[in-house]
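One line per chain: the protein sequences are A and B, in this order. Mapping the first sequence onto the numbering used here, position 241 (from 1) lands on 241, and the numbers just tick up by one. Mapping the second sequence onto the numbering used here, position 158 (from 1) lands on 158, and the numbers just tick up by one.
If you're looking for bench data, these hints aren't it; they were derived computationally from the structure. Mixed in with the good hints, there may be bad ones.
These stretches of chain B come out as covered by chain A in the derived footprint (C-beta under 8 Å, 3 or more residues) [what the hints assert, rightly or not]: (1) 24-35; (2) 74-81; (3) 126-140; (4) 206-215.
If you anchor each label on the Cβ, the simulated ranges turn out as follows [said to hold, decoys possible]: (5) E46/A - L24/B: 51 to 59 Å; (6) R103/A - F70/B: 35 to 43 Å; (7) R103/B - T60/A: 38 to 46 Å; (8) A179/B - W49/A: 54 to 62 Å.
Sample of chain B residues lacking proximity to chain A, with all beta carbon distances greater than 12 Å (derived) [unchecked claim]: (9) F18; (10) T53; (11) H67; (12) D187.
All figures in this text were calculated on a predicted structure; none of them were measured in a lab. Backbone N, C-alpha and C fix where the C-beta goes; we use that ideal spot for every residue, glycine too.
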Amino acid sequence: MPDKVAGRRRRAAFFLALPSLVVFISIGFVPLALVAIWSFWSFDPETYWIKPVWSLASYTALLKNGRAAVLLQTAGLAALTATVSTLLAVPAATVIGLLSGPRRATLLVALFTIPFFTSGLVRAFAWRLVLGREGVINNVLISLGVVHTPVEWLLFSDFAVVLGMVAAHLPLAIVPIVLAFARIEGSVIRASQDLGAGFWTMFSSIVLPLIMPGVVAGFLFVFVVAIGTSMEIQLLGGAGASSIAIMINDVMRVVNFPLAFAIATVVAILLIVVIIVADRALELSRLFEDRGA
Amino acid sequence: MTLHPIVGDRTNGGRPLFSIITALCLMIMYAPALYLLLASLNPDEQLGLVAPTRYSLNWYVALLDDHRLFRALEESTVVALATAAVATPIGLAAALAYRAMTRMRSIFLLVILSTMLVPGTIEGLGLSVILRLVGLSPSWVTVALGHLLWTLPFAIVVSLIGLSAVRPSTVAAARDLGAGPTRAFVDVTLPLIRGNLVSSFVFAFLLSLNEYARAYYLVGRQNTLPLYMFGAMNSGASPTIYAFSGAVLLVSFAAVALIFVIAARRQSGPPGVSLGAYPTHV
Numbered sequence: 001m002p003d004k005v006a007g008r009r010r011r012a013a014f015f016l017a018l019p020s021l022v023v024f025i026s027i028g029f030v031p032l033a034l035v036a037i038w039s040f041w042s043f044d045p046e047t048y049w050i051k052p053v054w055s056l057a058s059y060t061a062l063l064k065n066g067r068a069a070v071l072l073q074t075a076g077l078a079a080l081t082a083t084v085s086t087l088l089a090v091p092a093a094t095v096i097g098l099l100s101g102p103r104r105a106t107l108l109v110a111l112f113t114i115p116f117f118t119s120g121l122v123r124a125f126a127w128r129l130v131l132g133r134e135g136v137i138n139n140v141l142i143s144l145g146v147v148h149t150p151v152e153w154l155l156f157s158d159f160a161v162v163l164g165m166v167a168a169h170l171p172l173a174i175v176p177i178v179l180a181f182a183r184i185e186g187s188v189i190r191a192s193q194d195l196g197a198g199f200w201t202m203f204s205s206i207v208l209p210l211i212m213p214g215v216v217a218g219f220l221f222v223f224v225v226a227i228g229t230s231m232e233i234q235l236l237g238g239a240g241a242s243s244i245a246i247m248i249n250d251v252m253r254v255v256n257f258p259l260a261f262a263i264a265t266v267v268a269i270l271l272i273v274v275i276i277v278a279d280r281a282l283e284l285s286r287l288f289e290d291r292g293a
Numbered sequence: 001m002t003l004h005p006i007v008g009d010r011t012n013g014g015r016p017l018f019s020i021i022t023a024l025c026l027m028i029m030y031a032p033a034l035y036l037l038l039a040s041l042n043p044d045e046q047l048g049l050v051a052p053t054r055y056s057l058n059w060y061v062a063l064l065d066d067h068r069l070f071r072a073l074e075e076s077t078v079v080a081l082a083t084a085a086v087a088t089p090i091g092l093a094a095a096l097a098y099r100a101m102t103r104m105r106s107i108f109l110l111v112i113l114s115t116m117l118v119p120g121t122i123e124g125l126g127l128s129v130i131l132r133l134v135g136l137s138p139s140w141v142t143v144a145l146g147h148l149l150w151t152l153p154f155a156i157v158v159s160l161i162g163l164s165a166v167r168p169s170t171v172a173a174a175r176d177l178g179a180g181p182t183r184a185f186v187d188v189t190l191p192l193i194r195g196n197l198v199s200s201f202v203f204a205f206l207l208s209l210n211e212y213a214r215a216y217y218l219v220g221r222q223n224t225l226p227l228y229m230f231g232a233m234n235s236g237a238s239p240t241i242y243a244f245s246g247a248v249l250l251v252s253f254a255a256v257a258l259i260f261v262i263a264a265r266r267q268s269g270p271p272g273v274s275l276g277a278y279p280t281h282v
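All chains, full assembly: derive it from the sequences and hints.
Here it is, written out as structure tokens:
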């Protein structure tokens, strides 16, 4: 009997998973796999497409014309964005998970989540009004007499890009930490208090280790998403600013398919490795366990 | 259960410090958008804030003559509705499957996560090449396919959160009273997660409506809204840009805020129904 039930359960699970698997495989995985294979083919100038002549040309081209520099630069900006986001997210998530009652915690989670579903394009664009030569910050600084000419590096700079990306991706850093807080047993905090620990001792020796998986997950989420964005860089970056996504778009504009595929392959493989490692280390699947009967 | 009462008020400066940082976070997330909204009410050609008495909807009225904007909006709405209508049921089915899985769970979650996190430019590029190969010419359908891949992970997560808040004992009770698995699902589980299904639809709709990187590769002759807006933002600053940016912001903020309000209402209502977006217990 139990075998029969388990078998039926497995079959039901399979059929329920089928539509999503079709989407993930046919729209998600297959294109990526083909892109990865085709990145080793050669460009065909006659058809403006590719031909099945195996070559590593696009991977050697990856290292030329400053393309490697763009890859490193994007990774650097993403790492900086993830670091700043994490430093802001830990205190913010602590306010939600440790220092607020249920009502305020819900409100704060809502406030931090809502912008994620609004237009990233508009929110990046809005920074132009704040940071520009005639923006809010420069107007205030000039009227206070702090500076006499507008501060130029506020906009169209790496500063603006990182600020825009932090503001856009902060929810990705906060949410995993909030989920980690929900797993902390009140008794361990009470125990630390009974042993005479003050707030900071309790925070650093009890809370921080317990939320660390969420902190690391949040850092990686922001890093991975920031690697792929182009919006903030295109709207807020300096004249020569580039990123992996912009580079792919530029390469595609001159229909150099194999090179675009090679860049995409390298980045996708790196990111998927990061995600797998994070998943292994942090047991992310535990986030959706049942709350019990 | 929350940790809040245990910690109490003696935080040696921790609470004020952390609260200031939280306020700073909210400020960088909201202040620019708010400023843009107020600046869009400025009737002058020149940018900036004016006194509230001079607020005007001039630039919003001027939007009504922008036919290209409306065609883009129409295209985006069609794409977003189609995407949400497909992503929501598939997401629910996938969430149910996830809960019935044993060993496959972690792999399935990995697939969901990586789909969510692979850059849109790469997904869009790959998909556009495949679609060209199978002979599907770019149109709203191709954009919707790309957006289905983008929104499905979120739809699954929202459904999972809803399902994990349904007490197994409630469903078990229905089964004990003679309901089959389908009957128990339709009569017990489905009403309990209705709020999450609405959230799932709205979130998928909004994520699609605002998506840029995939649409860039998949769009047909008619631009979607973000593509049209991106062009306008980079081609000189006409004040109407601020007006339609403001309109887009307002609509998305209103839609999500509404979802959260409904979710919060439901949370204080029938037992076993949790907040639409995040579990308080995991």
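Hints versus structure:
1. Counting residues of the stretch 24-35 of chain B whose C-beta sits closer than 8 Å to any C-beta of chain A gives 10, which meets the bar of three, so the coverage hint holds.
2. With a cut-off of 8 Å between beta carbons, the stretch 74-81 of chain B has 0 residues touching chain A; three or more are needed, and the interface restraint is violated.
3. With 4 residues having a Cβ less than 8 Å from any Cβ of chain A, the stretch 126-140 of chain B passes the three-residue criterion, so the hint holds.
4. For the stretch 206-215 of chain B, the proposed coverage by chain A is satisfied: 6 residues have a C-beta within less than 8 Å of a C-beta in that chain, meeting the threshold of three.
5. Distance hint check: the CB atoms of E46/A and L24/B are about 58 Å apart, consistent with the given range 51 to 59 Å.
6. The beta-carbon spacing between R103/A and F70/B, approximately 41 Å, falls within the hinted interval of 35 to 43 Å.
7. For the hinted restraint 38 to 46 Å between R103/B and T60/A, the CB-CB distance of approximately 42 Å keeps it satisfied.
8. Evaluation of the 54 to 62 Å hint for A179/B and W49/A yields a pass: the beta carbon distance comes to about 57 Å.
9. At roughly 4 Å, the least C-beta separation between F18/B and chain A is not larger than 12 Å, which violates its mark as non-interface.
10. Every beta carbon of chain A lies more than 12 Å from that of T53/B, the smallest distance being close to 20 Å; the non-interface claim holds.
11. Listed as a non-interface residue, H67/B keeps its Cβ farther than 12 Å from every Cβ of chain A; the least gap is roughly 21 Å.
12. No Cβ of chain A approaches the Cβ of D187/B within 12 Å, the least distance being about 18 Å, so the stated non-interface status holds.
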